[in-house]
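Can you make the complete structure from the sequences, with help from the hints?
Listed below are the residues making up each chain.
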Amino acid sequence: MPSAATHETIETVWRMESARLIGGLVRMVRDVGLAEDLAQEALVAALERWPSTGVPDNPGAWLMATAKNRAIDALRRRRMRERKHEKLAGEAPVADSSTVHDVEAALDDDVGDDLLRLVLIACHPVLSTEARVALTLRLLGGLATDEIARAFLVPVSTIQQRIVRAKRTLAEARVPFEVPRGEDLARRLPSVLEVLYLVFNEGYAATRGEDWIRPQLCEDAMRLGRILSELLPEEAEVHGLLALMELQASRTRARLGPDGAPILLLDQDRGRWDQLLIRRGLAALERAESLAHPLGPYTLQAAIAACHARARTPDATDWPRIVALYDALAELTGSPVVELNRAVAVAMAFGPAQGLELVDELLDEPALRDYHLLPSARADLLLKLGRTAEARAELERAAELATNERERALLLEKAKECG
Amino acid sequence: MRVMVIVKATENSEAGVMPSEQLLADMGKFNEELVKAGVMLAGDGLHPSSKGKRVRFAGGKKTVIDGPFAETKELIAGFWIWQVKSMEEAVEWVRRCPDPMPGEESEIEIRPVFEAEDFGEEFTPELRAQEERLRAEIERQHES
Chain A
1 MPSAATHETI ETVWRMESAR LIGGLVRMVR DVGLAEDLAQ EALVAALERW PSTGVPDNPG
61 AWLMATAKNR AIDALRRRRM RERKHEKLAG EAPVADSSTV HDVEAALDDD VGDDLLRLVL
121 IACHPVLSTE ARVALTLRLL GGLATDEIAR AFLVPVSTIQ QRIVRAKRTL AEARVPFEVP
181 RGEDLARRLP SVLEVLYLVF NEGYAATRGE DWIRPQLCED AMRLGRILSE LLPEEAEVHG
241 LLALMELQAS RTRARLGPDG APILLLDQDR GRWDQLLIRR GLAALERAES LAHPLGPYTL
301 QAAIAACHAR ARTPDATDWP RIVALYDALA ELTGSPVVEL NRAVAVAMAF GPAQGLELVD
361 ELLDEPALRD YHLLPSARAD LLLKLGRTAE ARAELERAAE LATNERERAL LLEKAKECG
Chain B
1 MRVMVIVKAT ENSEAGVMPS EQLLADMGKF NEELVKAGVM LAGDGLHPSS KGKRVRFAGG
61 KKTVIDGPFA ETKELIAGFW IWQVKSMEEA VEWVRRCPDP MPGEESEIEI RPVFEAEDFG
121 EEFTPELRAQ EERLRAEIER QHES
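Going down the list, the protein sequences come from chains A and B.
Residues 1 to 419 (this note's numbering) make up the first sequence, in order.
Residues 1 to 144 (this note's numbering) make up the second sequence, in order.
The reader is advised that the hints may include incorrect statements.
[Claimed, not checked] Derived pair list, reagent style DSSO-like, types lysine-lysine, alpha-carbon separation capped at 30 Å:
| no. | chain 1 | residue 1 | chain 2 | residue 2 |
| --- | --- | --- | --- | --- |
| 1 | A | Lys68 | B | Lys85 |
| 2 | B | Lys8 | B | Lys73 |
| 3 | A | Lys68 | B | Lys29 |
The set of hints was computed from the structure by calculation and includes no laboratory data.
This one's a predicted model, so the numbers in the text were calculated from it and none came from an experiment.
Right under this line is the structure:
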């Protein structure tokens with residue numbers, strides 16, 4: 001007699017299987033909304049049956065078979081409707097059995113392809129970034145709508161609307177369900193990677209004391225990144241992004257002080273860095289570097305993070321290498337924020353005067369006009385050069401621009417210390 | 001959350017009996033599933049305790065003890081580190097694991113790893129302030 005399955009166990013199994021389930025169903029019915037409905041129906045069936053029968057040995061197969069039967073019913077109904085239309089229009093009917101046969105054949109296809117298809121659809125460029133994020137977490141992360149809402153600090157109805165609208169957009173745009181290959185696939189990747197990194201950063205930005213589900217987003221993003229790196233083992237930037245996330249996450253424990261104030265990278269207790277994540281990050285980076293020619297933006301950022309991860313002490317940091325990596329990243333992205341980071345690295349590698357020269361070149365950059373880290377970086381370099389009065393003015397200006405209260409307080413405190 | 005999944009030792013594993021080709025293949029497949037699901041962070045098998053050592057701490061004294069160790073069922077034959085959403089998910093994964101010790105009774109134990117949040121309470125500003133007050137009081141006691 002199998003032990004009774006609790007509601008919690010069934011929900012857990014469903015979370016584990018839902019992406020594959022929906023992925024397989026999307027291939028069959030070619031409609032994300034319908035696929036999700038069918039998967040939900042399978043969940044309801046499990047909730048009815050499993051409490052008395054226990055969880056089957058292969059719950060994924062059970063859910064798939066249940067959903068598949070419903071899918072065949074749904075397709076039959078759709079066929080009948082279409083045939084009626086065809087009769088009215090005087091067209092030749094299509095045999096019913098072929099549809100069912102297609103479904104059977106489709107089910108034996110590669111599961112990996114199903115997941116990849118689902119990722120690419122959820123992150124389709126036709127959708128807004130916000131919609132992509134919501135749909136990805138819902139369909140692939142197995143998060144419920146209210147969990148996504150809590151994680152992003154927005155009302156549940158907002159997420160619901162985003163998901164409904166996203167599904168409608170996908171249907172209206174007649175997004176193709178074939179998995180693209182080669183160059184076509186490469187073109188679709190940036191919109192997927194952007195979503196994962198955005199989810200990761202949202203989690204990374206969460207502060208202590210906030211809803212636990214927010215920092216959890218880092219784990220969700222890393223898990224999706226790991227899944228994606230298995231689906232696309234030859235794509236350098238997938239490994240690059242995974243490396244970047246693992247290396248950044250390795251510092252989670254060290255980056256906030258006891259009072260919740262952020263601790264700068266060079267002041268962190270490196271003994272608190274997570275060596276398991278560092279090892280994994282460095283391995284993913286190695287893989288990315290072996291595949292990429294030249295290195296892409298995520299791989300370059302991961303390579304910079306790796307320079308810090310490899311340094312046992314701040315003094316041991318390979319700053320000239322970081323400068324070289326920022327050179328490449330600046331060339332690739334043309335981003336003024338990257339230029340600013342490069343200037344700071346130059347200061348560390350070759351002295352504050354050289355760094356300040358580069359920072360000063362950015363003063364007229366419109367994109368950085370309200371960016372508090374520009375005056376704050378400048379103040380840092382001025383201090384190192386003994387120009388305290390100027391440094392103080394820059395710190396006060398940085399405090400004015402800072403949006404985070406805690407950061408503002410820190411900057412003002414520093415300004416006061418300048419005397 | 002992170003969990004450590006501990007495969008407990010048996011008489012055979014302690015005797016150094018190597019797993020069958022079939023078991024290695026099944027475990028390989030299971031590990032592959034874990035990797036594909038983004039669950040697997042690390043994992044390894046361990047030599048029998050006859051190759052291990054213990055250091056006992058007692059009364060400020062440290063004594064090195066050579067293996068093997070007697071309490072077979074409490075020993076560890078291997079471990080994984082997984083990232084999962086919940087303990088329930090970890091249990092579900094273990095349910096899918098092939099029998100690690102065919103022909104013998106064995107156990108797999110799942111233990112959550114401490115996370116930064118688990119220590120969070122100790123770091124709240126209120127508690128810290130309290131601690132600082134306490135420290136100040138102790139120092140004052142020393143002065144008097």
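Results for each hint:
1. A C-alpha spacing of about 27 Å is found between Lys68 (chain A) and Lys85 (chain B), which places the hinted pair at or below 30 Å, so the restraint holds.
2. For the given pair, Lys8 (chain B) sits about 6 Å from Lys73 (chain B) by alpha-carbon distance, which is consistent with the 30 Å threshold.
3. With a CA separation close to 26 Å, the supplied pair Lys68 (chain A) and Lys29 (chain B) stays within the 30 Å bound.
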